[in-house]
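Chains as they are written, first to last, in the numbering used here: chain A, 145 to 528; chain B, 75 to 536.
These aren't lab readings, by the way, just hints derived from the structure by calculation.
Treat the hints with care, as some may be off.
[Said to hold, decoys possible] In silico lysine to any residue, SDA-like type, Cα no more than 20 Å apart, as pairs:
(1) K427/A to G353/B
(2) K427/A to L223/B
(3) K290/B to R355/B
(4) K429/B to L128/B
(5) K467/B to Q454/B
(6) K229/A to G200/A
(7) K467/B to L379/A
(8) K427/A to K218/B
(9) K439/A to S375/B
(10) K439/A to D177/B
(11) K427/A to R355/B
(12) K427/A to I516/B
(13) K467/B to G523/A
(14) K427/A to A513/B
(15) K218/B to A239/B
(16) K229/A to L379/A
(17) K467/B to G221/A
(18) K439/A to S536/B
(19) K439/A to L429/A
(20) K427/A to D161/B
(21) K467/B to L429/A
(22) K467/B to A304/A
(23) K439/A to A239/B
(24) K427/A to L379/A
(25) K429/B to A414/B
(26) K429/B to A513/B
(27) K218/B to D179/B
(28) K427/A to G350/B
(29) K439/A to V372/A
(30) K439/A to A534/B
(31) K427/A to S536/B
(32) K427/A to K290/B
(33) K467/B to I257/A
(34) K467/B to E300/A
(35) K467/B to K439/A
(36) K427/A to G517/B
[Unchecked claim] Selected chain A positions facing chain B (in silico; Cβ < 8 Å):
(37) G182
(38) P284
(39) T305
(40) G306
Beta carbons: idealized from backbone N, C-alpha and C, even for Gly.
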Amino acid sequence: MNPDVVVIGAGVVGACCARACVEAGLTVVVVDRGAVAGGTTGGGEGNILVSDKEPGPELDLALLSRELWAQMAGSLGDSFELDPKGGLVVATHQHTLDYLLRFADEQRACGVIAEPVAATDLPDHEPRISRDLAGGVLYPQDMQVQPMLAAAHIIEAACATGRTTLMTDCAVTGIDVDASGAVSGVRTAQGVISTRHVINAAGTWGGEIAALAGVELPILPRRGFILVTEPLPPLVRHKVYAADYVANVASDNAGLETSAVIEGTHSGTILIGASRERVGFDKTLDWHVLGRLAKQAIEIFPLLAEVQLLRTYGGFRPYCPDHLPVIGPDPRVPGLLHACGHEGAGVGLGAATGHVIAQWITGASTSIDLAPFSPARFGASHVA
Amino acid sequence: MPSDIVIVGGGVAGIAAAVVAARSGCSVTLLDSGSAVGGQYYRGAKSPESGSGLSYEALRRAFDELVVARGIDRRLDTYVYSLARRDSGFVVRTRGDDRHRGDVDVLESRAVVIATGAFDKQLPFPGWTLPGVMSGGGAQALVKGSDVLPGQRIVVAGTGPFLLAVTYALISAGGNVIAVVEANDPVGLARHAWSVLPAAGKSADLAKFVTALAKKRVPYLRRHRVRRASGTGHLESVTISRVDGDWRGIAGSERIWECDALAIGYGFTAQTDLAGQVGARMRIGSDGGLAVEVDERQRTSVPALMAAGETTGIGGVDLARMEGLIAGVAAVEQCGRQAALSDAAIARGMRDVLKLRRFADALHFAFPVRDGWRDDVDDQTLVCRCEEVSASKVRGAVSDLGARDARSVKLLTRAGMGWCQGRICAPAVDALCRFDSAASLIGGSYRPVAVPVPLGAIAAES
Numbered sequence: 145m146n147p148d149v150v151v152i153g154a155g156v157v158g159a160c161c162a163r164a165c166v167e168a169g170l171t172v173v174v175v176d177r178g179a180v181a182g183g184t185t186g187g188g189e190g191n192i193l194v195s196d197k198e199p200g201p202e203l204d205l206a207l208l209s210r211e212l213w214a215q216m217a218g219s220l221g222d223s224f225e226l227d228p229k230g231g232l233v234v235a236t237h238q239h240t241l242d243y244l245l246r247f248a249d250e251q252r253a254c255g256v257i258a259e260p261v262a263a264t265d266l267p268d269h270e271p272r273i274s275r276d277l278a279g280g281v282l283y284p285q286d287m288q289v290q291p292m293l294a295a296a297h298i299i300e301a302a303c304a305t306g307r308t309t310l311m312t313d314c315a316v317t318g319i320d321v322d323a324s325g326a327v328s329g330v331r332t333a334q335g336v337i338s339t340r341h342v343i344n345a346a347g348t349w350g351g352e353i354a355a356l357a358g359v360e361l362p363i364l365p366r367r368g369f370i371l372v373t374e375p376l377p378p379l380v381r382h383k384v385y386a387a388d389y390v391a392n393v394a395s396d397n398a399g400l401e402t403s404a405v406i407e408g409t410h411s412g413t414i415l416i417g418a419s420r421e422r423v424g425f426d427k428t429l430d431w432h433v434l435g436r437l438a439k440q441a442i443e444i445f446p447l448l449a450e451v452q453l454l455r456t457y458g459g460f461r462p463y464c465p466d467h468l469p470v471i472g473p474d475p476r477v478p479g480l481l482h483a484c485g486h487e488g489a490g491v492g493l494g495a496a497t498g499h500v501i502a503q504w505i506t507g508a509s510t511s512i513d514l515a516p517f518s519p520a521r522f523g524a525s526h527v528a
Numbered sequence: 075m076p077s078d079i080v081i082v083g084g085g086v087a088g089i090a091a092a093v094v095a096a097r098s099g100c101s102v103t104l105l106d107s108g109s110a111v112g113g114q115y116y117r118g119a120k121s122p123e124s125g126s127g128l129s130y131e132a133l134r135r136a137f138d139e140l141v142v143a144r145g146i147d148r149r150l151d152t153y154v155y156s157l158a159r160r161d162s163g164f165v166v167r168t169r170g171d172d173r174h175r176g177d178v179d180v181l182e183s184r185a186v187v188i189a190t191g192a193f194d195k196q197l198p199f200p201g202w203t204l205p206g207v208m209s210g211g212g213a214q215a216l217v218k219g220s221d222v223l224p225g226q227r228i229v230v231a232g233t234g235p236f237l238l239a240v241t242y243a244l245i246s247a248g249g250n251v252i253a254v255v256e257a258n259d260p261v262g263l264a265r266h267a268w269s270v271l272p273a274a275g276k277s278a279d280l281a282k283f284v285t286a287l288a289k290k291r292v293p294y295l296r297r298h299r300v301r302r303a304s305g306t307g308h309l310e311s312v313t314i315s316r317v318d319g320d321w322r323g324i325a326g327s328e329r330i331w332e333c334d335a336l337a338i339g340y341g342f343t344a345q346t347d348l349a350g351q352v353g354a355r356m357r358i359g360s361d362g363g364l365a366v367e368v369d370e371r372q373r374t375s376v377p378a379l380m381a382a383g384e385t386t387g388i389g390g391v392d393l394a395r396m397e398g399l400i401a402g403v404a405a406v407e408q409c410g411r412q413a414a415l416s417d418a419a420i421a422r423g424m425r426d427v428l429k430l431r432r433f434a435d436a437l438h439f440a441f442p443v444r445d446g447w448r449d450d451v452d453d454q455t456l457v458c459r460c461e462e463v464s465a466s467k468v469r470g471a472v473s474d475l476g477a478r479d480a481r482s483v484k485l486l487t488r489a490g491m492g493w494c495q496g497r498i499c500a501p502a503v504d505a506l507c508r509f510d511s512a513a514s515l516i517g518g519s520y521r522p523v524a525v526p527v528p529l530g531a532i533a534a535e536s
């Protein structure tokens, strides 16, 4: 086996990388130590958001990504429930609303569609919403996909071209380099794969993959829980969340942060996030966290108090100290590229990530400047 | 105030544990989701026959007395949605039934006994979701609990001696059972089981069932299986055929019987949710199903957590009672007290558990579930009823989308995401996908919310 590219990780980012590389004419092997979408992709909500991005490189990436997601949904026959439902960000107090409106002004200057909604008009957009809110902003560009289906169908389509091979239950045990220090192959539980390019799309475990190539990547887990309700007739139309969510995403607080993020799904269940904690890879359920999420969600949709919690799931967002993903070539190991560390935005940013990675490998100029995402920003430390 | 011991489940195992624990001076809270104790087996038992020693009747009388005398905190219509460890003990979160929506409580205890029993194992086949088709346990509960017959012409099918118990309950209530369809060949296979029958004291029950069947001239077909249920809006007929040793249909032997009720039983699935929440080690029982692993004192791999009854592996009511006693002793000792049961009685109980467990294993060996049922599951057959996921979708997740275990099938198809949280369909999904069952079953059995609970109720805990 001698593909142009080996993608490590069969989550949504790895899937998008594989697809973009295949479309650029490359041959690809996707390896994953488990199943498709078995990591953070399978623990998320499938957000494709521009609303929570402050002006800067991540917002540029998000705007490109949502265009690419729409194109992918078109060509893959909507096999993954892409829903351009739009986002509605609401503020519970006037001072939060003031902040939210200023934030929206800045976003608008960068091409985001953000429409202020007065408190009295909120029920026009969300009939069941609390009447005690200060106001909000509507973001029609926000979308949602079913992330597991997205990863699986994107990989399946890549495999159907005959230029991609998927190897699940196939842990990577080493990354080989030649005499010049450049990537020459990937060692796996199922044998060695010779290649000149490795894409590290291992998400929260991206640091471990980097270490196999002898380099350090500061990616750490940030735990989140999601509550899933009983299936209901459609009650929540948009992705609705509290304005303090944006502050929490960008926060450096290691302790618990929660802000309600509420949305319906195609199956009728309502998903309620989002909590953020830095507790390592501890999956222990914390009812205090779940209770806070429930309470905050009820503040926005009071009728949720009577709705049954059916299950809950959790995952680990891969975060970097500066909250930006790591996308692009690693100057320390020629042939090694990173596409990980997207924190909670791997689905939303995945399509653009794959796009620019494939552009870089094929020598094309990238649609987005990769410098802010470069692994070089962490310094050039090699693992001893 | 924290209890010494919380017992989850008021079936025979839970009651036995409660009696031992309360007599030994421990404070006991017993939780049960039903409106009376007794569990599945003694559901609605009206007139307790006279019982002595360790019979259920004697235990039940003792339990009722101890509720008054020793203040056993008996909470009925109470569901446990979460079990968690805290320091050296446990936190048990409960909710009331639908009449008490939002009635949530958080209990603490030094030790916990899980005696949550089991539920019917169901396997999909064409037509299995038609009204009129029900589990063996469902049919039995209907008759024993509500005195209602499931239909005018009833077929009982599946495998195992439980079919005889179901049939007995139905004909005792005046039901017209037109046949019992047994997929295995107990005469050929079960010599080992018959040989341990007398030792386990089971022959009386069996004789009672067989005599009743003979008296009503109910045909008992061996090596036959229901292949399909048919009808418009309701069950109208079943297709049965002879099957080979692997349960594959023998061509040309199909027959169609008119009937309006089908009670079908393939054994039981242990209710292991709470043990799974605290990470107790599981094992694959001799029936191929998941069970909580316990030592000779019914202690799980989690300190201060005991399990008894069907939760530790399907074995029947007598085994559950003995396991409950031993689990009660272990829980008392965990609380630093002396059990009010002589060493000799404890040793005898542990010997009985071994003997009855051997008997259960022999039965499972004699009445296995063979792979041939999978061949009948056509593309349209629903595997997950809650989310209406068909067999073709489940198989497609494996063949086309890279699913490799129960969890990834669930994420890609929604099989197991609905109301029952995969309790019914998970074993079927594993079997249809030919997953390595131990790892996949255990991986698919983690359910952080054991029963639905209102968001408003959990918000109160924030």
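Here's how the hints hold up against the structure:
Annotation: proposed proximity of K427/A to G353/B holds, straight-line Cα distance about 11 Å (limit 20 Å). At most 20 Å may separate the alpha-carbon atoms for a hinted pair to count; K427/A and L223/B exceed this at roughly 47 Å. With a C-alpha separation of about 46 Å, the suggested pair K290/B and R355/B falls outside the 20 Å cut-off, and the hint is violated. Proximity of K429/B to L128/B is assessed by CA-CA distance (about 16 Å); at most 20 Å being required, the pair is judged to hold.
Between the alpha carbons of K467/B and Q454/B the distance comes to roughly 9 Å, so the proposed pair stays at or under 20 Å and holds. Between K229/A and G200/A the CA atoms are separated by roughly 24 Å; this puts the pair beyond 20 Å, and the hint is violated. Pair hint K467/B plus L379/A does not hold up; C-alpha atoms about 28 Å apart against a cutoff of 20 Å. Taking the CA atoms of K427/A and K218/B, the gap is near 42 Å; set against the 20 Å cutoff, the hint is violated.
Distance hint between K439/A and S375/B is unfulfilled; the C-alpha atoms sit about 35 Å from each other, more than 20 Å. This hinted pair checks out: K439/A and D177/B have alpha carbons roughly 16 Å apart, not beyond 20 Å. With a C-alpha separation of about 17 Å, the suggested pairing of K427/A with R355/B holds against the 20 Å cut-off. This hinted pair checks out: K427/A and I516/B have alpha carbons roughly 16 Å apart, not beyond 20 Å.
Using a Cα cut-off of 20 Å, the hinted pair K467/B and G523/A is violated, with the two alpha carbons roughly 48 Å apart. Proximity of K427/A to A513/B is assessed by CA-CA distance (about 18 Å); at most 20 Å being required, the pair is judged to hold. A distance of roughly 11 Å separates the Cα atoms of K218/B and A239/B; the hinted pair therefore holds under the 20 Å criterion. Taken as a hint, the K229/A and L379/A pair is honoured in the structure, with Cα atoms around 13 Å apart against an allowance of 20 Å.
A threshold of 20 Å between alpha carbons decides the hint, and for K467/B with G221/A the separation of about 17 Å falls inside it, so the pair holds. Proximity of K439/A to S536/B is assessed by CA-CA distance (about 7 Å); at most 20 Å being required, the pair is judged to hold. Restraint check: the Cα-Cα separation between K439/A and L429/A comes to about 17 Å, which is no more than 20 Å; the hinted pair holds. For the proposed pair K427/A and D161/B, the alpha carbon gap of about 17 Å is at most 20 Å, so the pair holds.
Note on K467/B and L429/A: the hinted pairing is violated, with a Cα-Cα distance of about 31 Å set against a maximum of 20 Å. Restraint check: the Cα-Cα separation between K467/B and A304/A comes to about 19 Å, which is no more than 20 Å; the hinted pair holds. For the given pair, K439/A sits about 48 Å from A239/B by alpha-carbon distance, which is inconsistent with the 20 Å threshold. Taking the CA atoms of K427/A and L379/A, the gap is about 30 Å. The hint is violated against a cut of 20 Å.
For the hint pairing K429/B with A414/B, the CA-to-CA distance comes to about 23 Å; that exceeds 20 Å, so the pair is violated. About 29 Å separates the Cα atoms of K429/B and A513/B, which puts this hinted pair outside 20 Å; it is violated. Pair hint K218/B plus D179/B does not hold up; C-alpha atoms about 31 Å apart against a cutoff of 20 Å. Under the criterion of a C-alpha separation no larger than 20 Å, the hint pairing K427/A with G350/B is consistent with the structure, at around 13 Å.
Using a Cα cut-off of 20 Å, the hinted pair K439/A and V372/A holds, with the two alpha carbons roughly 14 Å apart. Proximity of K439/A to A534/B is assessed by CA-CA distance (about 8 Å); at most 20 Å being required, the pair is judged to hold. With a C-alpha separation of about 19 Å, the suggested pair K427/A and S536/B falls inside the 20 Å cut-off, and the hint holds. Restraint check for K427/A and K290/B: not satisfied, since their Cα atoms lie roughly 57 Å apart, outside the 20 Å limit.
A C-alpha spacing of about 38 Å is found between K467/B and I257/A, which places the hinted pair above 20 Å, so the restraint is violated. Between K467/B and E300/A, the direct Cα distance comes to roughly 15 Å. Compliance with the 20 Å bound is thereby established for this hinted pair. Between the alpha carbons of K467/B and K439/A the distance comes to roughly 37 Å, so the proposed pair goes past 20 Å and is violated. Between K427/A and G517/B the alpha-carbon distance is near 14 Å, which keeps this suggested pair within the 20 Å criterion.
The beta carbon of G182/A comes within 6 Å of a beta carbon in chain B, closer than 8 Å, and the hint placing it at the interface holds. Among the interface hints, the one on P284/A is violated; its C-beta lies about 28 Å from the nearest C-beta in chain B, farther than the 8 Å criterion. For T305/A, the suggested interface contact is broken, since its CB lies about 14 Å from the closest CB of chain B, more than 8 Å. The closest approach between the C-beta of G306/A and any C-beta of chain B is roughly 15 Å, which is over the 8 Å cut-off, so the hint fails.
Hints 2, 3, 6, 7, 8, 9, 13, 21, 23, 24, 25, 26, 27, 32, 33, 35, 38, 39 and 40 from the list above are not met by this structure, while the remaining hints are.
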